[in-house]
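Using the sequences provided together with the hints, build the complete structure.
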Amino acid sequence: MNKRAASPARQPTDWQTPAMQRRVRRRYAAERRFRAMGVAAVFVSAAFLIYLLATMIGQGASGFTETRLALPLDLRGHVVVSPAQLSGPTADLALAGAGLENAVDAAADRAFPTQGGEALLSDGAWLRVRDAIKRDPHLLSAPITLDVPVATDIDMAYKGEGNRESEAAVAALGPHLSRGLNVNFFTGADATDPTRAGIWGALKGSLLTMVVTLALAFPIGVLSALYLEEYAPRNRWTDLIEVSINNLAAVPSIIFGLLGLAVFLGTFHMPRSGAIVGGLTLALMTMPVIVIAGRNAITAVPPSIRDAARALGASPIQVVFHHVLPLALPGILTGTIIGMARALGETAPLLMIGMRAFIAAPPGRLTDPATVLPVQIFLWSDDVQTGFVEKTSAAIIVLLVVLLTMNGLAIYLRNRFETRWK
Amino acid sequence: MSALALLFLIAALGLIGWVVARARAARFRSSPARRFSSLPQHHGWYVAMWTLLPAFVFLAIWHSVAPALVTDAVIATPLGAALPPPGLDRAAILSEARNLANGDAWGAFHPLSERLAPAYAAAQSRYDWIATTVALLLAFAGGAVAFLRVRPGFSARSQVERVVMGLLLIASLIAIVTTIGIVASLLVESARFFQIVPITQFLFGTHWSPQVIDARDPGAALGAVPLFWGTFFIGAIIAMAVAVPLGLMSAIYLTQYAHQTTRRWMKPMLEILAGVPTVVYGYFAALTVAPAVRDLGVALGVRWASSESALAAGVVMGVMIIPFVSSMADDSLSAVPASMRDGSLAMGATSSETIRRVLVPAALPGVVGGVLLAVSRAIGETMIVVMAASGVASLTLNPFASTTTVTKQIVDLLTGEAEFDSAKTLAAFALGLTLFVITLLLNVVALIVVRRYREAYE
Chain W
1 MNKRAASPAR QPTDWQTPAM QRRVRRRYAA ERRFRAMGVA AVFVSAAFLI YLLATMIGQG
61 ASGFTETRLA LPLDLRGHVV VSPAQLSGPT ADLALAGAGL ENAVDAAADR AFPTQGGEAL
121 LSDGAWLRVR DAIKRDPHLL SAPITLDVPV ATDIDMAYKG EGNRESEAAV AALGPHLSRG
181 LNVNFFTGAD ATDPTRAGIW GALKGSLLTM VVTLALAFPI GVLSALYLEE YAPRNRWTDL
241 IEVSINNLAA VPSIIFGLLG LAVFLGTFHM PRSGAIVGGL TLALMTMPVI VIAGRNAITA
301 VPPSIRDAAR ALGASPIQVV FHHVLPLALP GILTGTIIGM ARALGETAPL LMIGMRAFIA
361 APPGRLTDPA TVLPVQIFLW SDDVQTGFVE KTSAAIIVLL VVLLTMNGLA IYLRNRFETR
421 WK
Chain L
1 MSALALLFLI AALGLIGWVV ARARAARFRS SPARRFSSLP QHHGWYVAMW TLLPAFVFLA
61 IWHSVAPALV TDAVIATPLG AALPPPGLDR AAILSEARNL ANGDAWGAFH PLSERLAPAY
121 AAAQSRYDWI ATTVALLLAF AGGAVAFLRV RPGFSARSQV ERVVMGLLLI ASLIAIVTTI
181 GIVASLLVES ARFFQIVPIT QFLFGTHWSP QVIDARDPGA ALGAVPLFWG TFFIGAIIAM
241 AVAVPLGLMS AIYLTQYAHQ TTRRWMKPML EILAGVPTVV YGYFAALTVA PAVRDLGVAL
301 GVRWASSESA LAAGVVMGVM IIPFVSSMAD DSLSAVPASM RDGSLAMGAT SSETIRRVLV
361 PAALPGVVGG VLLAVSRAIG ETMIVVMAAS GVASLTLNPF ASTTTVTKQI VDLLTGEAEF
421 DSAKTLAAFA LGLTLFVITL LLNVVALIVV RRYREAYE
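Residue numbers (our numbering), protein chains in the order written: chain W, 1 to 422; chain L, 1 to 458.
FYI, nobody ran anything at the bench for these hints, they're computed from the structure. Don't take every hint at face value.
[Said to hold, decoys possible] Covered by chain L, per the in silico footprint, the following chain W stretches (three or more residues, Cβ under 8 Å):
| no. | segment |
| --- | --- |
| 1 | 18 to 31 |
| 2 | 36 to 42 |
| 3 | 187 to 193 |
| 4 | 227 to 237 |
| 5 | 248 to 262 |
| 6 | 283 to 290 |
| 7 | 346 to 359 |
All C-beta atoms in this analysis are idealised placements derived from N, C-alpha and C, irrespective of residue type, glycine included.
As structure tokens, this is what we get:
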């Protein structure tokens, strides 16, 4: 009592004095500045994403189209093939043997002698003629005009990015040129000529690799998640397992590439560049992701489910496989899809195990040399030909679409099937 | 018989065993009241298990020893006496003969291998038949023995469940095996490297130019300090200078200020940033950001403005890390007890004062842990630096100059045409080991920091 009386009488703060008013204004200004910084941070991040996507779409959109030249062709007398040869599997060989490629080149020389002749045509132009003839053999017996793909210089010039020489050629060709969807981009494999390069080879390689990854990482990941959450006794060994899983999830991906190189290629002598080695390496990388997602999903299943099953006489294995696992499955699947999406976009470890070779034919088996979509993007980005710039961006668009679809599917699964336990 | 056909045959035997045993066990049910420990399908699984497991285990073992047995058989033939003494020649001839016998090759360099090829093929087919017969016998015998044990009182369930538990344990041991595999492969190759180059020279040498290695003193060109500096400069300084402020401020804005709707749209947007593959960032950095940075450097009058600058790679890497930092910050901010925040607001502090003086200091250990994890991720990142950074190592403080990183050098060293044993390829494993140890340490420290902080509030 005495103490309080001894202190000087405390006055309420007078907020109306000019000094206090200034102070309040300053504090509110600081508040607004801070808030603006937050908005700016979010805005910068979003702007970067939009800029990145816009750049890729702007550059890549033209990669899905090709420029075609209306080529007058008269193959009578130049290409002699009997109708019997044209039906059946020998048609390709027969037409190639009859000198179709030379005949097409000669036709270009005759039709456009001043604009560049056969140099106008893509390496794959005669293949287009061949396919047309196989569909309709009568094309051999009459003068015709066919749309065939042009060489990469002309293609680039027609799309507005060529050098002066090819732009002159485009101007001279004028109405003979047209644009169309580049179907070959979706059906072909890598090629040295950008107008012939396609992504199907790389996409198929990705597919084979992902099949191996999924077949290994999913069962192993789910089983270890079940063991660690449901059965594992708490001891030094299970701690060791936990620590290694958590660390593996944080190990840089390139280290897994070194592991694949030293163990799968160096020790077990597996086929270099094969999809199976890539799949194994990515499986080791994806497994910890699935284990961690799986454990979270399994812990979310309430204990009452387990107790009820035990009370009805189910064995520990039956409790888990009949009740816990089905309930946790949506969460596990979500984690698996996210892990697979990460593996699908991964490049560095696959470079280590030699999946960067030039692969001109889609791989047929798991042991065939293969490449994957991200590595194909990397290889094309290194190519000096200007025609590959749009192909790189177009391949990136395809990759992003696939990844966004996978992530969207994961989000959909999570929202649709995840049980919210009370 | 081809390996695949044999596997299918054994699997079919297993299926038959499953069906038959299940049907037999199902008949017990009609017998007068008794207590059963197992369902019919447990008996089915029990028989299938005994059909499949012994045969598969045998095939797995056989597959690893058969090549040696076949080679021994070939050497034991009269033709084998003509082989040169053990050494490179002998191995080359044998491997050629094997390729000829398998149809993997059409011609041979050594005339002897052409003569050996038929013997090889004969030995191989003989051993194949032995393997097929033994595997099928094992499958059949295992299945039959198991089938005889299918009786009403037999507890098939506990047997099957024991095997399932074993499978679960094996699955979780694979994580340990992988870790051991990583550590062992890195250690073994690095040990070979350190026999050629002293470890001190590698860790403390300041000159790195693997393109020109002097065979007498390979260590002189393999000093990794410039790489460590480049990695630190790009991943821990430049990238973090971008990612920490942007990530932290985004997290603060989205958790403390933003409207519910904004939050619902902006958070997935940031997550997309995390889902973009690194090769796309790398391409973007090399194609768009790097030329812009070089032009900026030239405009600023920097002398060594490179189109493969540390700044371009670092900035793009920072953007890639933003969502990571942001979600870590988000977690630690929301772990701060609401009472602290409410108390500060009740005392009349503005929101920003509360955030800066109360929330962020309270969440600081979590944020620091998150930043450490982000650094570990940034220095292990490969594709951005492979595509946007330079291959020339230099000790420089200039962000516009070219620098290189550990991961970039690993890729460069291993994708050349050098043979597997040279100092160059082994150096890649030594770099990998260093990277592994550093990221491991960063992760452990980060986890300790985060865990200690969490305990404080719970």
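For a quick check of understanding: which of the numbered hints are violated here, in increasing order?
3
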